[in-house]
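Participant: In this note's numbering, the protein residues as written are 1 to 582.
Be careful, since some hints might not be right.
[Claimed, not checked] Within a straight-line C-alpha distance of at most 25 Å, the following computed DSS-like cross-link-like pairs (lysine-lysine) qualify:
1. 136 with 195
2. 145 with 40
3. 220 with 250
4. 361 with 484
5. 40 with 151
6. 219 with 136
7. 219 with 40
Bear in mind the hints are in silico, worked out from the structure with no lab data behind them.
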Amino acid sequence: MSRPRTPVRRFTAPLTAGLLAAGALALPAQQAHAVGSVVKVTGTQGNWQLTVDGSPYRIKGLTWGPAVADADRYLPGLKSMGVNTIRTWGTDATSKPLFDAAAAHGIKVIAGFWLQPGGGPGSGGCVNYVTDTAYKNQMLDEFPKWVQEYKNNPGILMWNVGNESVLGLQNCYSGAELERQRDAYTTFVNDVAKKIHGIDPDHPVTSTDAWVGAWPYYKKNAPDLDLYAVNSYNAVCDIKSAWEQGGYTKPYIVTETGPAGEWEVPDDANGVPQEPTDQAKADGYTRAWNCVTGHQGVALGATMFHYGTEYDFGGIWFNLLPAGQKRLSYYAVKRAYGADTAHDNTPPVITGLSVEGDAGKVQAGRDLTLSVRATDPDGDPLAYEVLDNSMYIDQSRQLVPLPFTDLGGGRLRITAPDRPGVWKMYVKATDGKGNVGVETRSVRVVPPTVDGTDIALGRAATASSYQTGGGDCPCPAAGAVDGKPATRWASDWSDPQWLQVDLGSRTTFKHVQLVWETSYAKAYTIQTSDDGQNWRTVRQVTDGNGGVDDFDVAGTGRYVRVNGTARGTGWGYSLYAFGVYS
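Work the whole structure out from these sequences, hints included.
Facilitator: The following block contains the structure:
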């Protein structure tokens with residue numbers, strides 16, 4: 001879900017009184033202060049509308065992602081899409097340039113105020129809304145200050161207090177206490193709304209939460225809200241019936257919507273959320289808008305998610321123009337909002353992406369071929385890029401470009417990641433005209449198959465230290481030689497550390513395979529011994545980078561050990577597997 005954006009700050013130095021008094025500068029007559037629009041929710045039960053300066057106004061919007069400094073660069077593009085509104089999550093001293101730029105381009109802003117624990121699942125910042133009067137008083141002072149500052153700015157459409165905190169409180173409390181907190185939070189939202197109304201009677205106040213679970217609390221505790229606001233993605237078309245069955249007496253807007261989110265889709269064969277295709281995402285925006293406009297007189301519009309340029313895991317899932325390149329979803333929103341797309345050059349369409357071989361058993365560091373089917377509606381030549389992402393291994397959102405060989409016929413060969421786990425592979429097709437198609441598939445990377453017998457499997461293992469608790473530990477030495485991919489050995493957080501296995505008798509081996517967890521060794525040696533006291537080095541590594549280390553060695557001994565001398569992270573050493581092959 002969304003997070004607050006921090007706009008780029010701009011500072012302007014005031015002219016000195018001395019220069020003005022001396023007449024050193026000729027200044028034009030001072031312009032009158034810009035007067036903001038008068039925005040009202042008008043009408044009666046089930047027959048409401050939003051008006052701006054007396055004229056009907058349906059919100060055709062997008063959530064805003066770019067930096068404030070880039071507003072003049074991107075706002076004309078939004079206007080050309082038929083967008084009349086953008087939504088933000090935070091308002092402060094840095095907001096003025098965005099409000100001014102929006103007004104200059106004929107666009108209004110739903111100006112947000114962030115409250116903890118905003119953002120729904122996974123968000124932090126727990127606040128006790130029953131007892132924490134200091135926090136509440138701070139917000140009651142801060143928010144109205146910015147309302148006073150910007151209420152006459154012509155860019156302002158309405159004020160939006162909070163984002164998904166009714167949902168987010170479940171990460172802080174449970175049971176009866178959770179109910180008390182949700183009542184206290186929505187009562188506080190009402191206190192904020194009343195204070196805003198006292199300062200600015202000309203702009204409505206709303207509050208956003210996830211889905212409609214917050215609405216009973218608003219109905220009970222926040223009568224001063226002018227309308228409700230909701231973030232809903234795949235379930236957006238169910239809002240109408242929920243509103244009707246809930247007996248609500250206020251209209252609403254949808255402040256985030258679009259295609260199905262990561263939390264709403266089924267898992268794929270590798271056990272991770274199956275990301276919709278570009279075509280399905282575009283259809284998701286069309287469907288969402290049709291359901292919003294289908295609730296006439298109650299749903300007053302939407303700011304769909306998301307006009308963002310971030311080029312990462314979430315950006316590929318939701319952004320209309322990652323890295324500034326337009327997708328099918330961009331044009332779907334443009335059509336939904338009634339703008340002309342007849343003369344647009346549109347994106348490549350990827351109709352198929354598959355992994356050759358078994359996508360559930362991709363050997364680390366070996367060749368991997370992706371097969372892509374893509375066409376361009378305008379006949380533009382296509383250029384490809386392949387990227388990977390490790391979100392489901394280490395929560396990284398970064399997309400990493402990969403070298404690839406174009407084998408022709410849409411077949412792209414890469415080297416598979418060398419770290420076991422489920423990876424996402426992305427294929428990007430661009431047309432050279434500012435458009436992009438992106439599709440993704442997951443692969444489960446496994447350690448490479450080794451010829452021979454793992455003579456360390458199930459043998460007695462010892463270590464210089466091991467972690468006795470925390471997370472998935474205890475993580476004793478035996479965890480690296482038990483043949484189970486999810487168990488591991490983890491050492492103390494210091495150098496040096498070692499792990500050794502007793503083969504039972506003096507044995508010759510030819511290969512060693514190490515499968516590192518996140519905590520890997522940057523420098524280490526593989527050693528063998530006949531007595532467990534005197535060691536011979538058979539392999540030295542000084543540039544380790546984790547993942548899977550596979551190498552042929554020539555060694556003989558009863559004991560084999562990994563002797564770590566320099567950690568690759570601030571943690572200890574951690575091995576999922578220590579294989580010794582004969």
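Participant: Enumerate the violated hints, using their earlier numbering and listing them in ascending order.
Facilitator: none
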